[in-house]
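Each chain, written out:
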Amino acid sequence: MALQDLPIQFGQISTVQSCGAVSYQDSILPSLSLPTSLPLASSQSVPLPFPMSHGTTTLAFMFQGGVLAAADTRSSCTSADCALWKRILARELRLYQLRHGRRLSTSGAAKLLSHMLHPFKGTELCVAATLCGFSGPSLYYVCSDGTRLQGTLFSVGSGSPYAYSILDQGVQWGLTVDEATSIAREAVYRATHRDAYSGNCVDIYHISSKGWTRRSREDLKEEYYREKERQERDGM
Amino acid sequence: MALEDICGFKDTPVHRKLKKSGRNSGIPLQFFIPTLPNSVPFNPRPSLPFSPSNHSVTVSRPFPLSHGTTTLGFIFQGGVIAAADSRASAGGLVACPAVHKITPIHSHLVVTSSGSGADCMLWERILAREIRLYQLRHRRCLSICGTAKLLSFMLHPFKGTDVCVALTLCGWDKEVGPKLIYVCSDGARLNGDIFSVGSGSPYAYGVLDRELRWSLSKEEAISLAREAVFRATHRDAYSGNKVDIFHITAQGWSQRKREDLKEEYYRDMERRIMFT
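Residue numbers (our numbering), protein chains in the order written: chain A, 1 to 236; chain B, 1001 to 1276.
Next up, chain A with everything else stripped away, as it sits in the complex (with noise of 0.2 Å):
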């Protein structure tokens, strides 16, 4: 099972090193033990070149079906944080599935998260993550500052609040496939028209039991320009 295939998606709030600080990313990556052997981030803060104001829309939400998350595409400034971090978790769980036979469960994973970033609590590191699993359907929202929430419901990023009216309107247990995914693209649609920070593309991924699929990616232009024609005909 290669790193990549775990159904794991990572909303970034905000990050701390700026593009240029690789090697000191590096040092960070440990050995194989557990989070307390990680040097912690210095605290001393670097001042930035820039302001550093992150966005981006993702969301998930359980419902019959299984579990849909959906996110967008438009990658500010670092993704070297989340992109650190996803691989840190994901090779832990493998390690976990090597070391135990078993797979650890959604809100395992959760909860490995969780004490792995603790130690970070209070630097500027800022992480926010949606784990969407399939052991029985789960969803579970992890975050640096130290929240693990369980829920059927979560939304994360600067483009969150235009994605949670449309969610909140829609959604419900009793959605099929086809409806959940289009509620999904409606609402980071919405959140990407209004937020400068979120756009370019739409990534709708579906957990079930039998594992996640990746709907194909779908261009937000060619959605707008649609909604345009439908308004030109409605009379707008």
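Bear in mind the hints are in silico, worked out from the structure with no lab data behind them. Yeah, the Cβ is synthetic: ideal placement off N, Cα and C, and Gly gets one too. Hints should not be assumed to be uniformly reliable.
[Claimed, not checked] Think about it this way: if two alpha-carbon atoms lie no more than 25 Å apart in a straight line, the pair counts; the simulated DMTMM-like pairs of lysine to aspartate or glutamate are:
hint: 1; chain 1: A; residue 1: K228; chain 2: B; residue 2: E1220
hint: 2; chain 1: A; residue 1: K210; chain 2: A; residue 2: E227
hint: 3; chain 1: A; residue 1: K86; chain 2: A; residue 2: E218
hint: 4; chain 1: B; residue 1: K1262; chain 2: A; residue 2: D168
hint: 5; chain 1: B; residue 1: K1218; chain 2: B; residue 2: E1175
hint: 6; chain 1: B; residue 1: K1242; chain 2: B; residue 2: E1130
hint: 7; chain 1: B; residue 1: K1218; chain 2: A; residue 2: D234
hint: 8; chain 1: B; residue 1: K1218; chain 2: B; residue 2: D1260
hint: 9; chain 1: B; residue 1: K1218; chain 2: B; residue 2: D1162
hint: 10; chain 1: A; residue 1: K221; chain 2: B; residue 2: D1193
hint: 11; chain 1: B; residue 1: K1218; chain 2: B; residue 2: D1186
hint: 12; chain 1: A; residue 1: K228; chain 2: B; residue 2: E1124
hint: 13; chain 1: A; residue 1: K228; chain 2: B; residue 2: D1193
hint: 14; chain 1: A; residue 1: K221; chain 2: A; residue 2: E232
hint: 15; chain 1: B; residue 1: K1218; chain 2: A; residue 2: E229
hint: 16; chain 1: A; residue 1: K228; chain 2: B; residue 2: D1260
hint: 17; chain 1: A; residue 1: K228; chain 2: A; residue 2: D178
hint: 18; chain 1: B; residue 1: K1262; chain 2: B; residue 2: E1211
hint: 19; chain 1: B; residue 1: K1242; chain 2: B; residue 2: E1259
hint: 20; chain 1: B; residue 1: K1257; chain 2: B; residue 2: E1227
hint: 21; chain 1: B; residue 1: K1218; chain 2: A; residue 2: E227
hint: 22; chain 1: A; residue 1: K221; chain 2: B; residue 2: E1211
hint: 23; chain 1: A; residue 1: K111; chain 2: A; residue 2: E92
hint: 24; chain 1: B; residue 1: K1218; chain 2: A; residue 2: E232
hint: 25; chain 1: A; residue 1: K228; chain 2: B; residue 2: E1219
hint: 26; chain 1: A; residue 1: K210; chain 2: A; residue 2: D178
hint: 27; chain 1: B; residue 1: K1242; chain 2: A; residue 2: D168
[As the list claims (entries may be wrong)] Derived, one-sided and incomplete: chain A residues facing chain B with beta-carbon distance under 8 Å:
hint: 28; residue: K121
hint: 29; residue: T123
hint: 30; residue: T152
hint: 31; residue: P161
hint: 32; residue: S165
hint: 33; residue: D168
hint: 34; residue: E186
hint: 35; residue: Y197
hint: 36; residue: R214
[What the hints assert, rightly or not] Across the chosen pairs, the derived CB separations fall in these ranges:
hint: 37; chain 1: A; residue 1: W173; chain 2: B; residue 2: Y1266; range: 38 to 46 Å
hint: 38; chain 1: B; residue 1: R1189; chain 2: A; residue 2: Y96; range: 55 to 63 Å
hint: 39; chain 1: A; residue 1: V177; chain 2: B; residue 2: P1157; range: 56 to 64 Å
hint: 40; chain 1: B; residue 1: A1188; chain 2: A; residue 2: R215; range: 39 to 47 Å
Following the hints, complete the assembly by docking chain B onto the known chain A.
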């Protein structure tokens, strides 16, 4: 006006002969500029016992101000809809659950307010007074665009201070038709078809962007406004309680009865249970 007499403010004529067009018939535009505590006033007032002298003292507030609200306005074929919640918050406290955030200025103009509650109340009164004075002096109603410009100029001296008002003027002009203009104390003055202001505004925008069309009927537009405010109050902690909806047409503004969003929430829950 009574307020003017009590406070001893003097109406200072600004820019004499600013606009001497035929319409104004030679009367210079005058409007109210309250003096800032640290600036030299135009007309030195008779010194009141508590008039602030040239010391700059920042008063620390006993409680945190917060600007939580959800207000929105949009234009459609049937006129303009303005809607707002009714919660006033101060930090984590709900200071008042039944505030009126939409205020009529005259028969064809309402203004939705967000920002600091005290500032908004004051500036709404000032605006109403200035519009009435203009009407008495020039025998015609000032256009909505003109009102927005006037308000923007009146707020300009306070740019950079703690004054925080963000008003959306929703009205109907005789010449132009429906108009929606956003004015804020930072100096922004924007014309548009749809505005939502406040901490709950992103949530409202999601709903409005999805379903707003020009061709909505009046009932559909009202229920869209109500739904947008409901979704915002559901997610935003600083918005809530009730929703006020105003509808402005060529005949003037009309207000719907206030609705408690608690009822809407229970209806929504029931609908979900039916569909699961």
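How the hints compare with the structure:
For the hint pairing K228(A) with E1220(B), the CA-to-CA distance comes to about 21 Å; that is within 25 Å, so the pair holds. The straight-line distance between the Cα atoms of K210(A) and E227(A) is roughly 34 Å, outside the 25 Å bound, and the hint therefore fails. For the suggested pair K86(A) and E218(A), the alpha carbons sit about 24 Å apart, so the restraint of at most 25 Å is met. Our distance criterion of 25 Å between C-alpha atoms is met by K1262(B) and D168(A), whose separation comes to about 16 Å.
As the CA atoms of K1218(B) and E1175(B) are separated by approximately 22 Å, the hinted pair is consistent with the 25 Å bound. With a C-alpha separation of about 30 Å, the suggested pairing of K1242(B) with E1130(B) is violated against the 25 Å cut-off. In summary, the hint linking K1218(B) to D234(A) is supported, as the alpha carbons are separated by about 16 Å, within the 25 Å threshold. Between the alpha carbons of K1218(B) and D1260(B) the distance comes to roughly 20 Å, so the proposed pair stays at or under 25 Å and holds.
Restraint check for K1218(B) and D1162(B): not satisfied, since their Cα atoms lie roughly 39 Å apart, outside the 25 Å limit. Annotation: proposed proximity of K221(A) to D1193(B) holds, straight-line Cα distance about 22 Å (limit 25 Å). Taken as a hint, the K1218(B) and D1186(B) pair is broken in the structure, with Cα atoms around 34 Å apart against an allowance of 25 Å. Between K228(A) and E1124(B), the direct Cα distance comes to roughly 37 Å. Violation of the 25 Å bound is thereby established for this hinted pair.
Of the pairs offered as hints, the one joining K228(A) and D1193(B) holds, with about 15 Å between alpha carbons and a cut-off of 25 Å not exceeded. In summary, the hint linking K221(A) to E232(A) is supported, as the alpha carbons are separated by about 17 Å, within the 25 Å threshold. Proximity of K1218(B) to E229(A) is assessed by CA-CA distance (about 23 Å); at most 25 Å being required, the pair is judged to hold. Distance restraint check for K228(A) and D1260(B): the Cα-Cα separation of roughly 35 Å exceeds the 25 Å cut-off, and the hinted pair is therefore not satisfied.
Taken as a hint, the K228(A) and D178(A) pair is honoured in the structure, with Cα atoms around 23 Å apart against an allowance of 25 Å. A distance of roughly 23 Å separates the Cα atoms of K1262(B) and E1211(B); the hinted pair therefore holds under the 25 Å criterion. At most 25 Å may separate the alpha-carbon atoms for a hinted pair to count; K1242(B) and E1259(B) meet this at roughly 6 Å. Between K1257(B) and E1227(B), the direct Cα distance comes to roughly 15 Å. Compliance with the 25 Å bound is thereby established for this hinted pair.
The hinted pair formed by K1218(B) and E227(A) meets the criterion: a straight-line CA distance of about 22 Å does not exceed 25 Å. Our distance criterion of 25 Å between C-alpha atoms is met by K221(A) and E1211(B), whose separation comes to about 19 Å. Simply put, K111(A) and E92(A) have alpha-carbon atoms about 12 Å apart, close enough for the 25 Å limit, and the pair holds. Taking the CA atoms of K1218(B) and E232(A), the gap is about 20 Å. The hint holds against a cut of 25 Å.
This hinted pair checks out: K228(A) and E1219(B) have alpha carbons roughly 24 Å apart, not beyond 25 Å. For the proposed pair K210(A) and D178(A), the alpha carbon gap of about 17 Å is at most 25 Å, so the pair holds. Distance check on the hinted pair: K1242(B) and D168(A) sit about 19 Å apart at the alpha-carbon level, within 25 Å; holds. Evaluation of the K121(A) hint against chain B yields a violated restraint, the C-beta minimum of about 23 Å exceeding 8 Å.
Nearest Cβ of chain B to the Cβ of T123(A): about 27 Å, over the 8 Å cut. The hint is violated. Hint status for T152(A) relative to chain B: violated, with the closest Cβ pair at about 12 Å, above 8 Å. This hint holds: P161(A) has a C-beta 3 Å from the nearest C-beta of chain B, less than the 8 Å allowed. Evaluation of the S165(A) hint against chain B yields a held restraint, the C-beta minimum of about 4 Å falling below 8 Å.
With a least beta-carbon distance of about 6 Å to chain B, the hint placing D168(A) at the interface is held under the 8 Å criterion. Hint status for E186(A) relative to chain B: holds, with the closest Cβ pair at about 7 Å, below 8 Å. Taken as an interface hint, Y197(A) does not check out: its beta carbon lies about 13 Å from the nearest beta carbon of chain B, beyond 8 Å. For R214(A), the interface hint is violated, the least distance from its beta-carbon to any beta-carbon of chain B being 25 Å, above 8 Å.
For W173(A) and Y1266(B), the hinted distance range of 38 to 46 Å is not satisfied, since their beta carbons lie about 18 Å from each other. The beta-carbon spacing between R1189(B) and Y96(A), approximately 59 Å, falls within the hinted interval of 55 to 63 Å. For V177(A) paired with P1157(B), a C-beta distance near 59 Å keeps the hint of 56 to 64 Å intact. Between A1188(B) and R215(A) the beta carbons are some 40 Å apart, a value that agrees with the proposed interval 39 to 47 Å.
Hint violations for this structure: numbers 2, 6, 9, 11, 12, 16, 28, 29, 30, 35, 36 and 37, all remaining hints satisfied.
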